[in-house]
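Residues per chain are reported as follows:
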Amino acid sequence: MADLRINLAGIKSPNPFWLASAPPTNSGYQVQRAFDAGWGGAVWKTLGEPIINTTSRFAALSFNGQRVAGFNNIELITDRPLEVNLKEIYETKKRFPNHAIIASLMVEPKQEKWHEIVKRVEEVGVDGLELNFGCPHGMAERGMGAASGQVPELVEKQTYWVKEVAKTPVIVKLTPNITDITVTAEAAVQGGADAVSMINTINSLMGVDLDTWNTIPHVAGKGAHGGYCGPAVKPIALNMVGECARNPLINVPISGIGGISNWQDAVEFILMGATGVQVCTAAMHHGFSIVEDMIDGLNNYLDEKGITSIMDIVGKAVPKYSDWGDLDLNYKVVARINNDVCINCNKCHISCEDTSHQCIDMLKNEKGEPYLKVREEDCVGCNLCAIVCPVEGAINMVEMKQPLPSMTWNERQSSIARFKMDKVAK
Amino acid sequence: MSEHMQYLEEKRKIDSYFDKGYQIVSIFENLSGTFVDFVTSHDAGEREIVELQLLTAEARKYIASKLIVAN
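Protein chains in written order, with the UniProt record's numbering: chain A, 1 to 426; chain B, 1 to 71.
For reference, chain A alone in the conformation it holds in the complex (with noise of 0.2 Å):
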C-alpha cells in the first residue's frame, strides 16, 4: 500500500482527495458523512455573510447517454449565519482531528472585512484558509468572487490582507472566466499564497427550452448565468493547472479541482502539477462513496508503478507540457487499419473523406469483399479516424521513423532566418 497522505502548503490530509467548497460541504453533517466515507479532506462551503437563494439553482448537461456531463449552477455561497458554520467546523475538526478542513471566505474586498472573518474562522481550528475569488455568478454582482478574482491588482491586494492575519495556509482559488490564469495566479502569489486552487466554475448558460422559451435552469421565468463544472470542464482545467505547474513565478503549491470524477483524472492532476485534488460534480451525481474507488484505484496505480508516495508523482508530467513553437515537426504518426478487426462501419473513410486529408481509401479483396485501407504516405496523423472509430483497436496510430532531424518551429524559423530577405511582396 502506498503512502496516499499529502503535504499541500502545511496543510497535511490523509489523502489527497478533498471535497470542493460547495453543497457537499454544506454543513458538519456532510462533511462528517464523507471524513467517515474516506475523503481526506473538506473546503467548506464558502463562508461570508449569509446570502438568500433561488429556486430552481442546478441544471445539467446529458450527452448521447452520459448523465451529467456538465454541471451548472446559480447557488451562492452558505446561506447560515457564520457562528452556525464555525460551531459545526469546530465539532468536526474534533472528530477528525487529522482531516484536513479548510474555511472557503468571501467578503467585501475590504482589509477590515478579511481581517474580522480570518480571525473569527481561525479561532475554530481550521487547518487552512480558502480564498474564493472565482465563484462567476451573483456574488460577482456584488463585487465578490470571479469580479475580485480576475483583477490582478484586486487578487494581489485582498491575499496581502488576509496574510496580514493569517496564522494558517492560505489558498488563493481563481477564476478560470479570465484569458490567463497564470497573471491572477501571479499576483496571488505576489500578496504571499502559499498555494492556489484552480479551477473555480466557468460562466455558462445550460440551455433555452424549446417550447417555454425559457432560459435552463429559469427561476419564474427569468434566467442568468451560471457556473459550469463536472467532467466536461476537465480539460479546460487541465491545461490551467499544468500553465500554473510551468510557470516559474507561481512556484507554490496547486490544488487541482475540475470535473475530478474518479481516480485516473486524479492522478493527471497530480501529474500535471497538483499537490491534490478537490471533487464536487461527481460527489453530488454518486454521493460520497466514490471516494472508495478513488483510494483503492490510486493505490493499487501507485502499487502496480513501484512508487511508494503520491507526492512523489507530483508535477512529473509538467516537463512535458511545453509550447507549440516547441513540438517537433518532424515527428510523425500515421493512422493503420487492423482489418482483422474493423467492422467496416466506414466511419473513417467519411470522417477523413469529409473533414480532413481525405487518405482512407474503400477496397475490395480478391473475394469481393470490402475492406479500408490508410495511404500512410498522405495521412497526416491527426487521429481523427481512431477518435471516431467505434471498435477498440481498430485503428492504431503508429510512429513513422523519420530520415530528418527533430526541428521545432522556433528552431526552423531560427534556421531560416539568416537566408530571410526584406521583400514587401513577390
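Since the hints were derived computationally from the structure, they do not count as laboratory data.
Heads up, some of the hints might be wrong.
Stated by the list, open to error - Sample of chain A residues facing chain B (criterion: CB under 8 Å; computed from the structure): (1) I313; (2) D326; (3) N330; (4) P405; (5) E411; (6) I416.
All C-beta atoms, glycine included, are put in the ideal place defined by N, C-alpha and C.
Go by the hints and put chain B onto chain A.
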C-alpha cells in the same frame, strides 16, 4: 496530384539544386508559401539565381531541416 506527390516533386527539385552545387541566398515567406532563391556557387563562373516556390508544408519543413543538418 496528391499532396505527397507534390512534396516529392518539390523535394526532388531542392535536392537537385543542392546536388548541382547551388546555395541558398534568400528565403522569403508570404501568403503564397515559401520562396527560396538558389545561386550557383562563386567558383562556377557567372552566377545564376533560380527561384523555387514551395507550396507544400512538407517541403517547407524539408528545406529548413536541410539547413539544420548542414549546420
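Hint check:
1. I313: With a minimum Cβ separation of about 35 Å from chain B (threshold 8 Å), the hint on I313/A is violated.
2. D326: This interface hint is violated because 15 Å lies over the 8 Å limit.
3. N330: holds, 6 Å
4. P405: holds, 6 Å
5. E411: OK, holds: E411/A within 8 Å of chain B, min 7 Å.
6. I416: Cβ of I416/A sits 5 Å from chain B, so the hint holds.
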